[in-house]
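Number of protein chains: 2
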Amino acid sequence: MENINVSVIGAGNVAHHLAVNLQRVGCNIRQVASRSESSVILAKKVNAQAVKSVAHLDRNSDLYLIAVNDDQINSVSELIPDHDKLIVHTSGSVSINVLPGQRVGVFYPLQTFSKDRNLDFTNLPICVEAKQPADLELLLQLGQLLSQNVSILNSEQRKAAHLAAIFANNFTNHLVFLTQELCEAKGVNFDLLRPLLTETFVKINQSGNSLENQVKKIQTGPARRNDQKIIAQHLVDLGILPRHSAIYQTLSNSIIKTYNEL
Amino acid sequence: MENINVSVIGAGNVAHHLAVNLQRVGCNIRQVASRSESSVILAKKVNAQAVKSVAHLDRNSDLYLIAVNDDQINSVSELIPDHDKLIVHTSGSVSINVLPGQRVGVFYPLQTFSKDRNLDFTNLPICVEAKQPADLELLLQLGQLLSQNVSILNSEQRKAAHLAAIFANNFTNHLVFLTQELCEAKGVNFDLLRPLLTETFVKINQSGNSLENQVKKIQTGPARRNDQKIIAQHLVDLGILPRHSAIYQTLSNSIIKTYNEL
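Line by line, the protein sequences give chains A and B.
When we follow my numbering, the leftmost residue of the first sequence carries the number 1, and every step to the right adds one.
When we follow my numbering, the leftmost residue of the second sequence carries the number 1, and every step to the right adds one.
Incorrect hints may appear among the rest.
Intra- or inter-copy, both count: the list cannot distinguish identical chains.
What the hints assert, rightly or not - With a straight-line Cα cutoff of 25 Å, these simulated DSS-like cross-link-like pairs (lysine-lysine) come out: (1) K131 <-> K186; (2) K186 <-> K257; (3) K216 <-> K115; (4) K115 <-> K203; (5) K216 <-> K186; (6) K217 <-> K257; (7) K186 <-> K217; (8) K85 <-> K52; (9) K217 <-> K115.
Derived from the structure by calculation, the hints contain no laboratory data.
Taking the hints into account, I'd like the entire structure generated from these sequences.
Next comes the structure, spelled out in structure tokens:
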């Protein structure tokens, strides 16, 4: 298992973190295919050969790992020279069915990767799927080399997890950006908000796993109280910031509906 | 300073945490006024007298600290027996001008309080305001007994900070609730999202203080790339969850505008 031969397709953040960490746990990263210059850097880092096109990959790997943009997965996979080897993609939102042949699967790390931050893989959630039981077993074992947190998810569940990740990461990050922008617009030091952000996260993190448990219960604020007078005043105050107003309104409506309907 | 005599008006979370912590640093909490039963519990805890109505407070305190709902601050303040003593409220969004007389001020702790969690006050942001310089000095000193993080904010700035807090706390908490709800609806274990939430917070927390610095730069996702095809697909997938769809749409629009306009 540790000596499995891998060809990596793509040289972005996901390709980079997976290649480096798979090598760390003993996999043999043989080739890295990407048109971009960063394939040379990644190939050097993991002691692999850099090739310019997927069509130039050889047939000598056991696993072809695709880590490219969602809309390129299908076309890239068709170029892989040997469809009898295991071909997997690493995307949350793309179905297993876009891959050619029967030996196909998915190896999806549910995390946000940055170029310059090394992530601890120990508890990183890895979601695997495969068409054939033997390939599923191989992907489970490969995942478990990297992480204690490997799950089998079908394409529908993985798509849902990916959507949930957009709420948990993309949208919360944007809310904090809007917080910062509001502070700058009004001459307030954003540092004043940091202890609140920390406490907000601590309370969420301590919350339980079901809807009945706490994240719902710890909600506060004017929308939670359905305080229409304060909400109207806040919308007046935000008038000069149209994006803030729209989001204040939509999120307040959602909070009001959540606590009035249930 | 430490021996200042304080009457607390209100017995909710803010009244509770402020009374307990002011006593801890040496203030003498003499009376607690509230119609609710919890005033008896709080009064007992800080060794004070519980009174049922603000009108029954005596004139022997140096500071009357109002911690009631925003819309009751004005009426409650009128009932305080002695308008020559310093009267302050603790609200983010209410102007100093709702308080009667000239010896008035604000003592606003910018944090989310829970009944059953003790907060470390050491770095808790306290925003103070007063009409008279001597009172402002007193509130600064009082704040500094509790925290190393005391700022002078006028009513406009405090209102902005309070609005920013709604984005940073109320709305992020609701987004995590929606994440949890989405997971339950689609049969995905919410635990899979926790490492992502942690990493999201760590990255935000490491970010700098200005708009040019990172919270804006670390944004990822389909809206960041203005990937209309994926966004349309996600809205189809969320069709059965109307609140999720509305928020997905509004936040994606805001992200698209943020990165296309600037």
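The hints, checked one at a time:
1. For the identical chains of this complex, K131 and K186 are inter-copy neighbours only, at 21 Å across copies versus 55 Å inside a copy, given an alpha-carbon limit of 25 Å.
2. Taking identical chains as interchangeable, the C-alpha atoms of K186 and K257 lie at most 25 Å apart only when they sit on different chains, with a minimum of 20 Å there against 30 Å within one chain.
3. For the homomeric pair K216 and K115, the shortest alpha-carbon distance between copies (16 Å) is at most 25 Å, but the shortest distance inside one copy (34 Å) is not.
4. Only between protomers do K115 and K203 lie at most 25 Å apart by alpha-carbon distance; the minimum there is 12 Å, versus 29 Å within a single protomer.
5. Proximity of K216 and K186 under a CA criterion of 25 Å is satisfied inter-copy only: 18 Å between copies versus 31 Å inside one chain copy.
6. Taking the shortest alpha-carbon separations for K217 and K257, only the intra-copy value of 15 Å comes in at or below 25 Å, while the best inter-copy value is 33 Å.
7. For the homomeric pair K186 and K217, the shortest alpha-carbon distance between copies (21 Å) is at most 25 Å, but the shortest distance inside one copy (31 Å) is not.
8. For the homomeric pair K85 and K52, the shortest alpha-carbon distance inside one copy (21 Å) is at most 25 Å, but the shortest distance between copies (78 Å) is not.
9. Taking identical chains as interchangeable, the C-alpha atoms of K217 and K115 lie at most 25 Å apart only when they sit on different chains, with a minimum of 13 Å there against 37 Å within one chain.
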